[in-house]
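J.: Top line first, the protein sequences correspond to chains A and B.
Following this note's numbering, the numbering of the first sequence begins with 352 at its first residue and continues without gaps.
Following this note's numbering, the numbering of the second sequence begins with 31 at its first residue and continues without gaps.
Keep in mind the hints are simulated off the structure, nothing from the lab.
The reader is advised that the hints may include incorrect statements.
[Claimed, not checked] Computed list of lysine to aspartate or glutamate pairs in EDC-like fashion (alpha-carbon distance at most 16 Å, straight line):
1. A:387 <-> A:421
2. A:370 <-> A:433
3. A:391 <-> B:40
4. B:137 <-> A:389
5. A:387 <-> A:404
6. A:373 <-> A:447
7. A:403 <-> A:375
8. A:392 <-> B:40
9. A:360 <-> A:375
What follows is each chain in one-letter form.
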Amino acid sequence: DTAVSQTPKYLVTQMGNDKSIKCEQNLGHDTMYWYKQDSKKFLKIMFSYNNKELIINETVPNRFSPKSPDKAHLNLHINSLELGDSAVYFCASSQDLMGYGYTFGSGTRLTVV
Amino acid sequence: AQTVTQSQPEMSVQEAETVTLSCTYDTSESNYYLFWYKQPPSRQMILVIRQEAYKQQNATENRFSVNFQKAAKSFSLKISDSQLGDTAMYFCAFSNGNSGYALNFGKGTSLLVTP
Numbered sequence: 352d353t354a355v356s357q358t359p360k361y362l363v364t365q366m367g368n369d370k371s372i373k374c375e376q377n378l379g380h381d382t383m384y385w386y387k388q389d390s391k392k393f394l395k396i397m398f399s400y401n402n403k404e405l406i407i408n409e410t411v412p413n414r415f416s417p418k419s420p421d422k423a424h425l426n427l428h429i430n431s432l433e434l435g436d437s438a439v440y441f442c443a444s445s446q447d448l449m450g451y452g453y454t455f456g457s458g459t460r461l462t463v464v
Numbered sequence: 031a032q033t034v035t036q037s038q039p040e041m042s043v044q045e046a047e048t049v050t051l052s053c054t055y056d057t058s059e060s061n062y063y064l065f066w067y068k069q070p071p072s073r074q075m076i077l078v079i080r081q082e083a084y085k086q087q088n089a090t091e092n093r094f095s096v097n098f099q100k101a102a103k104s105f106s107l108k109i110s111d112s113q114l115g116d117t118a119m120y121f122c123a124f125s126n127g128n129s130g131y132a133l134n135f136g137k138g139t140s141l142l143v144t145p
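Only chain B is shown next, with the shape it has when bound in the complex (with noise of 0.2 Å):
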């Protein structure tokens, strides 16, 4: 069985600084895909950024990048340039064909941005 590993319960950054939140991730399989969510207090689950296995380049959307590690089966998401509506919870997931492509969820980081 696949597992997702968030060891960050809770974290805090300040405005405009940048944060690394991590994820490790358990499988056999070569083939799989990576995901951040995001939800904020609305719930709203909303998708930060995708990581197909098998590139090899770090995904980005706009301020936030990711450390894929295949080897290490890593994969960490950095926020930059922190904002305060970046405040909520974040959640590593892994999905491959063993599993349906359904979502298999890490525990969570609970991530605040201070002024």
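Bound-form chain A, shown alone (with noise of 0.2 Å):
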């Protein structure tokens, strides 16, 4: 029964396209983060929700966009997507705002080609 898990674990695309990815946890949880980890495999911050409300918005293009619909989920829409957005995106949770208990999911590989 995985803890925090992310749909697809693949995802290639065309350049121009529009992709969501999908985060759910079922550790009860009340904070969610979108990080993406390059090409060179650094890890950044890209979002996190806190009981649905955004608490970080780091400097992404306004084409990425999250949604909160509940507190067990927290996805990520791309518009127009563009070659340098090829990475992995990882989902993760944590019990609080403090981090405790912080989980990663598998990360999904998103290609544009």
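Make the complex out of the two chains shown on their own, each in a separate frame, by following the hints.
T.: This is the structure in structure tokens:
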């Protein structure tokens, strides 16, 4: 029973398309995050939500929009995909804002061609 | 802004030996958390060890231990009795309230354990 699950695990799409990555956690955590890992393996925070409220919104293009329908779900929608968006996207959750029980999903490898 | 520096892009160690991965960070805050994460080729992010800055005692988890030097802003990871399964990327990370407790990662150290 996966704690933080992301779908899909792999996504190949053409430039200009719109795509979504879904994330769900069954840990009862209050806070969820999206991280991006680039081709050099560098991990950087993109967004975080606490109880459906946006807490962190790092400098990412407006084409990226997170959506949290409830505290167990945090989806990432990307419009007008570009080659530079190719990366691994990780969802994570934590018990609270202080980061207890930080748990990562297995990642979504997005390839834009 | 907080920065995390891992000065060793790649390291190699023989099975059963001990290896130390270095990490330094920069912050003006007194309350924060430090982490080491392991990312094997499967790409899963696995928490190795966590340290609260207010705790002077170094955290340990089985073969993994840290040397936390708060004044020097240093947080190194020691892996004892290295095993082939320890081959992975290792990331040092920092979090505190100023960053909304998001993890601020270093660039990683690629560790290869050889037979």
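J.: Would you mind marking each hint as holding or not holding in the structure?
T.: The hints, checked one at a time:
For the hint linking residue 387 of chain A to residue 421 of chain A, the alpha-carbon distance of about 22 Å lies beyond 16 Å, and the restraint is violated. Restraint check: the Cα-Cα separation between residue 370 of chain A and residue 433 of chain A comes to about 11 Å, which is no more than 16 Å; the hinted pair holds. Note on residue 391 of chain A and residue 40 of chain B: the hinted pairing holds, with a Cα-Cα distance of about 13 Å set against a maximum of 16 Å. Taking the CA atoms of residue 137 of chain B and residue 389 of chain A, the gap is near 11 Å; set against the 16 Å cutoff, the hint holds.
For the proposed pair residue 387 of chain A and residue 404 of chain A, the alpha carbon gap of about 20 Å is over 16 Å, so the pair is violated. Using a Cα cut-off of 16 Å, the hinted pair residue 373 of chain A and residue 447 of chain A is violated, with the two alpha carbons roughly 21 Å apart. With a CA separation close to 13 Å, the supplied pair residue 403 of chain A and residue 375 of chain A stays within the 16 Å bound. A hinted pair counts as satisfied when its Cα atoms are at most 16 Å apart, and residue 392 of chain A with residue 40 of chain B qualifies at roughly 13 Å.
Straight-line distance between C-alpha atoms of residue 360 of chain A and residue 375 of chain A comes to about 13 Å, which keeps the hinted pair within the 16 Å bound.
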